[in-house]
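Enquirer: Okay, so the sequence shown: first residue is 3 according to the working numbering, each after it adds one.
These aren't lab readings, by the way, just hints derived from the structure by calculation. Fair warning: there could be bad hints in the mix.
Pairs of lysine-lysine, DSS-like flavour, derived with a Cα cap of 25 Å [unchecked claim]:
no., residue 1, residue 2
1, Lys859, Lys941
2, Lys409, Lys681
3, Lys337, Lys491
4, Lys850, Lys609
5, Lys755, Lys738
6, Lys681, Lys337
7, Lys470, Lys229
8, Lys774, Lys1039
9, Lys419, Lys337
10, Lys669, Lys653
11, Lys112, Lys147
12, Lys850, Lys584
13, Lys273, Lys12
14, Lys147, Lys599
15, Lys28, Lys331
16, Lys358, Lys372
17, Lys717, Lys609
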Amino acid sequence: MPVVGHFGDKVLRIESTGPIDQVYDKVRNSLVSEGILKPVPNIIFVLGGPGSGKGTQCVRLAEEFKLTHLSTGDLLRAELEKGSEIGKKCGDLMKEGKIVPMEIILGLLKTVISDHMETPGFLIDGFPRAMDQAIEFEKTIFPAKKVLFFTCPLETLEKRLIERGKTSGRADDNIDTIRKRFKTFQEESLPVVGHFGSRVLQIESTGTVDQVYADVKSRLISEKIVKPIPNIIFVLGGPGSGKGTQCVRLAKEFRLTHLSTGDLLRAELEKGSDIGKKCGDLMKEGKIVPMSIILGLLKAAINNSPENTPGFLIDGFPRAMDQAIEFEKTIFPAKKVLFFNCPLDTLEARLLERGKTSGRADDNIDTIRKRFKTFQEESLPVVGHFGSRVLKIESTGTVDEVYTTLKNGLLSEEIVKPVPNIIFVLGGPGSGKGTQCVRLAKEYQLTHLSTGDLLRAELEKGSEIGKKCGDLMKEGKIVPMSIILGLLKAAIDNSPTSTPGFLIDGFPRAMDQAVEFENTICPAKKVLFFNCPLETLEARLLERGKTSGRADDNIDTIRKRFKTFQEESLPVVGHFGSRVLKIESTGTVDQVYADLKRGLLAEDIIKPVPNIIFVLGGPGSGKGTQCVRLAKEFRLTHLSTGDLLRAELEKGSDIGKKCGDLMKEGKIVPMSIILGLLKAAISNSPENTPGFLIDGFPRAMDQAIEFEKTIFPAKKVLFFNCPLDTLEARLLERGKTSGRADDNIDTIRKRFKTFQEESLPVVGHFGSRVLKIESTGTVDQVYADLKQGLLTENVIRPDPNIIFVLGGPGSGKGTQCVRLAKEFRLTHLSTGDLLRAELEKGSEIGKKCGDLMKEGKIVPMEIILGLLKASILSNLDTPGFLIDGFPRAMNQAIEFEKSIFPAKKVLFFNCPLDTLEARLLERGKTSGRADDNIDTIRKRFKTFQEESLPVVGHFGSRVLKIESTGTVDEVYAETKRYLISDGTLRPDPNLIFVLGGPGSGKGTQCVRLAKEFHLTHLSTGDLLRAELEKGSEIGKKCGDLMKEGKLFQ
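Build the full structure now, drawing on both the sequences and the hints.
Expert: Below is the structure:
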């Protein structure tokens, strides 16, 4: 120990109480941060034949991952251009037709690498070309970490180079020179590839540039050769602007790491580290902590964060220009700078208000104004320094309003992404988890991933990973977990951003897989566990074995699999605790699916896919008019890109200003902005929105493809078809009064040309999803056809017939609900019954509610609403829902209609309190209910009058008040009469099927019965003929089927 003291400030003290890996990370990072050690540079050689596209891929990799792209040709040209000594020497050699010596080439490479050691890596393009270059580079500079080899058949390369030669003007793009270059490549460069052995990453480069790049990128990431650049977000704003509060919310929702230099310093002081002691001493002396320490702490915090961290919010930093410049020079560039803008008088008022309770010494008027002065002189110039990277947020609104604006801005610019909705799916062999995954994936457009399928795909395409796994499997070895996780990560990362979630089927099978997945990829939101007795599973697998031909469907193998499942997989289920949704899978496939779906909907793990309807048609086809009517009748959200842009311009947002500037310059607004606005509008719509009419979009093929790739697929495409001469006549007529500059014959015809060349191919692209509406008729005729078509194809549906049923205790509402439900086939829902059902089946929700009730706590409203929503969505084909004794309070009423559906009617059973009291006391003589006593009854009346009666008033004209003092039959008769008379309920139609053999005379008899008793006579043949005659879409489809001799289904 005296020796340690002897070395004083040269000592680096490392706390070694943690695991080996943690201690190593501390040692490594401390030595690197103090400059004692330098990391070995990440050298990547990039090889491939002429025309293999290696240069193009290098440019993209360098840009995305901030790698340094080196080409020996570029380095030599740079020396020649600046006239350096090396440049002159090389120029002379080249004039004499001599080769530049290898030591010069290596010297240039070494210099650039030494000068850019802070870079995440070096792509050395087209080098080494010969074996001596490879050996000498690694001997005198650094070893390469990886060698990318872009492989492609010579005939493909030859075609590419000859095609390039038609426009490149390059002297070497001719057939003779090309073939000489191929010969040199095969004789000199290919042996170099072989020399590097297992360090080679072979990339098939016969695909498109994008396909090849996606492959190379995912492979480099999965092998940890490159890392995505950290998503750094600086967060700036004046004192009191609310930036800290917003950071906390953003960090929680998007799993961002929230860093504050103040918090980092305090942490060092508290743990008494060397840095902490040094900073403590400086602060006692009234000195400022050096910027190098601040930057070191930030760098260490970023480097030590989990690999799967989606981004860093650096709160209140940088405060001055030198901090901004030094951070980006020595750590990473910021992707975005958030600036919370707020007038100083508002900030001052906020801080003074806070000062009344905060106890903070700096919340007084003098200190506040000094802080404002510092902010304006030092921090505001920093905001200006970042230019277009700044996202300015007006922070004068409420915390929720500001957060909504902030979140939408970051999502639209793709600075943050929603956390992937990961659902692990576990269960014993034969539990049916795969079957259920397929159904869930189809209905909710989830991505269904199976590690077995991912491995098979790699084996089939003969990738490097596939070959490696194939070799391991031939040797009877297990595929390493790192490969499995890499495949899952690549599949998740490469899925469209519109993917609502991932079902990871049969994974994780062991605890280490569970822990490592969540450490390196992202946490699972839910774990589905299909529970089934082993004897049932065994019987299923043996039955399956009779026909499956699977070698593992025999009794010995089945029992071994059960043993593995119980020992390795069941503990994983326990590990996830409250995130597990246990599904009893002993029932039929349909029963299990219904339970599964209800559970996931109730917990908001899955959501119905938005009902997206694109609306297309030529100018003047009337699509906008029809959208307005549809939106009004079916509560659809009507979106127009023009309206969205105008809204941004009017509110003067950053997007609005940017678009305004582009439009002034006569430039087109980028598609990324249009899609961002549409995505934000869809995301911010109420949860219970039945669908979206996107009017006049997409206008071109790229818009159609990108929307469906990054947002959601369209369920339907409405196409309003109308002859051009009719459209022209309409627009010219409109032009007489519209005052629109584009309603003239020349402009109209230009618009028609654009429509035919760009928009009509989009209609064709959507194929069977198109619903063609002939729009030559009147507005009413077209609307009738449109509405019928959409209803027939189930694209839209009237809102569920929701009927709230309210009344004081003892008013008889439950009794009436039972009778109404029976006669009119309504679904009768009671929140009490729903909760009891969850308690009885021992679901996670049931357990949670049971625990709350034992503690005397109220079940949260979000659970109640979740159960109601799941029951309604699972029974949408019912004629209506009677929701008995709900809503009991105003907040329930508002939240239900906001997040589920609006109520069509509210039944209120009115009865004087003295009558109710007498009924309840009478009931109490035989009911055995603890709450049927005078004291409890009066408390319930008080609650009803204070909380529930105002709810009745809230619904206004939707309330149907029923006097319930009469007998049960009298009250029922009145209730039924009112509900039928105002169209809320309809008696079941009097359906009579008429059957008989050919020639039995059934048709003749139908005609007479219909005439005498005013019945409607329906014949499927007549209905089909009517469709064929009017040439409807259904008629055309049926006609085609009949021509092909096919039956109707």
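Enquirer: Between the alpha carbons of Lys419 and Lys337, is the straight-line distance 25 Å or under?
Expert: holds (14 Å)
Enquirer: Do the alpha carbons of Lys147 and Lys599 lie within 25 Å of each other, as the hint requires?
Expert: Violated, at about 48 Å.
Enquirer: When you check the alpha-carbon spacing of Lys850 and Lys609, does it fall within 25 Å?
Expert: holds (22 Å)
Enquirer: Do the alpha carbons of Lys755 and Lys738 lie within 25 Å of each other, as the hint requires?
Expert: Holds, at roughly 22 Å.
Enquirer: So if I understand the rule, the pair passes when the alpha-carbon distance is 25 Å or less; does Lys112 with Lys147 pass?
Expert: holds (16 Å)
Enquirer: Taking 25 Å as the top limit, are the C-alpha atoms of Lys409 and Lys681 close enough?
Expert: Answer holds: Lys409 to Lys681 is near 12 Å, not above 25 Å.
Enquirer: Take a quick look at whether Lys28 and Lys331 sit within 25 Å of each other, Cα to Cα.
Expert: Holds, at roughly 23 Å.
Enquirer: Given the hint that Lys850 pairs with Lys584, does the C-alpha gap stay at or below 25 Å?
Expert: holds (13 Å)
Enquirer: Is the hinted pair Lys774 and Lys1039 satisfied, with a Cα-Cα distance of at most 25 Å?
Expert: holds (12 Å)
Enquirer: Would the hint linking Lys717 and Lys609 be met if the CA-CA limit is 25 Å?
Expert: holds (15 Å)
Enquirer: Verify the proposed pairing of Lys669 with Lys653, using a straight-line Cα cut of 25 Å.
Expert: holds (21 Å)
Enquirer: Taken at face value, is the distance from the CA of Lys229 to the CA of Lys470 at most 25 Å?
Expert: holds (23 Å)
Violated hints amount to a single one, hint 14; each of the other numbered hints is respected by the structure.
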